[in-house]
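Trainee: Chain by chain, the residues run as shown.
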Amino acid sequence: MAAFLAARAAAAGSRALRVGGGTTLPGRLAMALAPDLVPTLARQLRRGVVLISGTNGKTTTARLLGGIAQAAGLRVVHNRAGANLLSGIAAALLAHATARGRVHGDLGVFEVDEATLPAALAATEPRLVVLLNLFRDQLDRYGEIDLLADRWRRALARLPREAAVVYNADDPLVAEVAQAHTGRRVAFGLDALPEALPSRQAPEHAADSRYCYACGRPYVYTLVTLGHMGHYACTQCGTARPAADVRAVEVHLEGVDGAAFVVDAGPRGGSPDAPDARARLAVRTRLPGLYNVYDATAAAAAAWALGVDATAVVRGLDETAPAFGRGERVVLEGREAVMLLAKNPAGFNEVLRTVLLADGAPVVLIAINDLIADGRDVSWLWDVDFELLADRVRAAVVTGLRGEEMALRLKYAGVPPARITLERDSALALTAALRRLPAGRRLYILPTYTAMLQLRALLARQGVVPGFWAQ
Amino acid sequence: MELRICHLYPDLLNLYGDRGNVATLVARARWRGIQVRVVEARLGDAVDPEAHDLFFIGGGEDRQQRLAAPDLRRVKGDAVRAAAADGAVVLAVCGGYQLLGHFYRPAEGPDLEGLGLLDLHTVHPGPGARRLIGNVVIRERTSGVRLVGFENHGGRTYLGPQVHPLGEVLVGFGNNGTDRTEGAVWRRVYGTYLHGPLLPKNPWLADLLIAQALERRYGAVTLAPLSDEEEHRAAEVAAARARTG
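Chains P and H, in that order, give the protein sequences. Using my numbering, you'd call the opening residue of the first sequence number 1 and step up by one each time. Using my numbering, you'd call the opening residue of the second sequence number 472 and step up by one each time.
Note that these hints are calculated values from the structure, not bench results. Heads up, a few of these hints could be off.
[Claimed, not checked] Examples of chain H residues toward chain P, derived with CB under 10 angstroms:
(1) 513
(2) 517
(3) 621
We put the beta carbon where it would ideally sit given N, CA and C, even for glycine.
Working from the sequences, and respecting the hints, build out all of it.
Mentor: Right, here's the structure in full:
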C-alpha cells in the first residue's frame, strides 16, 4: 500500500513540477517498491487485458480500441500518453487504483513497446494480443528485426491457449510469428488498395521482409499496400498470406481528413461468446492515411474478437480523435497546421503519400532529432522516398538536431535548393514555414518522436494544443 | 564518359539507407555531366566483370547474409574478383564488408564462407555480446581526411597482413572495438562499418571512388569541384554528435 501512495504522490509531483506527464515516474517508483504490482492490479480487470504491439500504430490502435470499448460502455484503463514500457502500464493501473489497491476498470488496453512485449505478456496474462507490424525501426536500440521476431515467437508459444492473437495477415513476418500461438488466432488485412493510390506489384526499397521466412525465396506479390505489407506468396514452399478473418474493403482515403471503409468481419472472426455471424460495418475515421486504415481494422478486429457489438465498433472508430502528433490539427496565427509523426521509412513514405494526396504543392516543416527515443542513427532518412517531393514541394523548412542531414537528403532527392530552408531553432523554423505558406493553405509538420514532443511543447506555450497528459 | 555501377543485392542487402551511397555516386557524377548506368544484380543474376567499374554492396542482418553469401561466392565471385584485380572499385559496407572477408562466424549457426577478396575475418562473440553501436569518426589512413558515419554491428573484424585499415578510429569502435582500426582497403576494394549513407556526408570519398572507377576505362581523370556546403555542414553535425554522445 505504501507503494501506491508513494507512486501517486510522485505522479502529482511530476505534473506540478512540469517535469513530465506523470506517466512513467510513478510506475517506475511503484514497481521498485512492489515488483508484483502489475500482475496484482491487472488481474482485477473484469474483462481482462489487451496488449497491442508492433513498430507502427501502437498508440493509435490502442486509442481506437479504447474508444470502441468506451462506446460499448466499458471502463477502460489505458496507457494513453504512449508510456509503453512496464512502468507505463503500472502507472496507468495505479491511476485507476484506490489507495487500498483496488482497480476500478473493466478492460485494460495497453500499447507495448516491441521489446517489452514478452515481459508484458508474462506480467499481464492478456486475454488478447494485437500484433500490428514489424518494420525496421531504431536498429540502434532494438538490434536486428529477426531477433525481435524470435523473442515474440518464444513469448507467444508460452501464451495460454485461451488467449487470442489478433495479427496482421499482410505482414509476412508478423503472420509467421503469430503461428507460434496454438490457441485462437484472428487475422486482419486489407483487400485492395484505395483507388487514389497507384498500385504496386513490388515492395518499395524501404521494405524489410521480401524473402520467404520458411525457405528464403523472394515472395511474389499480387498487391503491395505499405512497405513489405500486402498479398504475398512464396512460389517455392507455398507459404502465403493467410486469409483475413476481418478485412478492410472499399477503402476511400480523404487526404489528411480521414478515411471511410467497410469492415468485413467473417464468421471466424467472431468471438466464442458472441453470435458467430458475418458482419459488414461501414466505418469512418478522422485519422488520415492507409496506416490508420490498418490501425482501425486492427482495433475493429480486436473488438470483434472480444465480442463487442457492431454499433460500438462503428461509433468508437468514428469518435476517436487522432492521438497527439498523429494527424492532430492546430491553428497557428489563423492558419491550420497538421502534425504527422514520421519516425521510420515505411511510416514516412506513407505520410508523404498522404500529404501529396491532400495537397499537390505542400509546404512542409520536417523536424529530425536523433535522441534515443528517435533512434540515434539517422541513416533511415536515405530509405525514405523524398524524391516524391522533388518537383512537388512548394517549400521545405527543415529543423531538429539533424536538420543538416535532412537538408542534405532533400538536396540529393532533387528538391531545388531555393525551396529548402534550414533553421536550427524550432520556433524560428515554425515562423519560417508559416512565412512561406500561401494564404488559405495548410502547413504539414512532419517530425520524429522527440521533435514532435518539442514542437508540441512550443505550441502548448502558445496555447494552441493541450499538454499531452491532459488528453 | 560513363560511370558504370553495379549494385549488388539492392533488395536483400540494404539494411539502413545503404542505397544513399548509390544515389550519391549517381548524383555527383551527373552534376559533372558524366553519364551513369546502374545495374542491379540480385540473387541468381550473373555479373560481367567487364561491364562495371564500381561495385557496391550494402549490409544485411544475419538472415540476409546467409542468403547472399553462397550466391556471392558461386554466382558472382569470379566476376567480382576479376574486376577488382583489373582495377575496378568495390565499396562494401557493414554486412557486405563482412562477406568480402574469408569467413563470418555468426552468433549462432555455422560459419559463412566469404568471398576472400579482403584478407580479414569476422567473429561474432555470441548472442549475449554487446553490439558496437554509435556515431563514429575516423581519420582516413593515406589522406588524413576525416570520415563520419554510424556503425551497428555484432561481428568483430580482424585484418590480415594483405590489407590496410581504411582509417584510424577517433570516436567509436571500428573493426573490433580494440585495435582502433576501421575498415579495410586492398587495391581499390574498400570495406567499412560506416554503414548506410556513408558517401553523402563524405563527398571526398565519393569523389575518390568515382575518379578511380573512371580511371579503369578512361585513364586518370580530374573531377570538377562541386559546392559541398550542405555535405560539410551535415558531416560537421554528425562529428559533433559523435563526440557528445
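Trainee: Let me know if the C-beta of residue 513 of chain H comes in closer than 10 angstroms to any C-beta of chain P, holds or violated.
Mentor: holds, 8 angstroms
Trainee: Would the hint on residue 517 of chain H stand, with a C-beta cut-off of 10 angstroms toward chain P?
Mentor: violated, 17 angstroms
Trainee: Against chain P, with CB atoms and a cut of 10 angstroms, does the hint on residue 621 of chain H hold up?
Mentor: holds, 5 angstroms
In this structure, only the earlier hint numbered 2 is contradicted, and the remaining ones agree with it.
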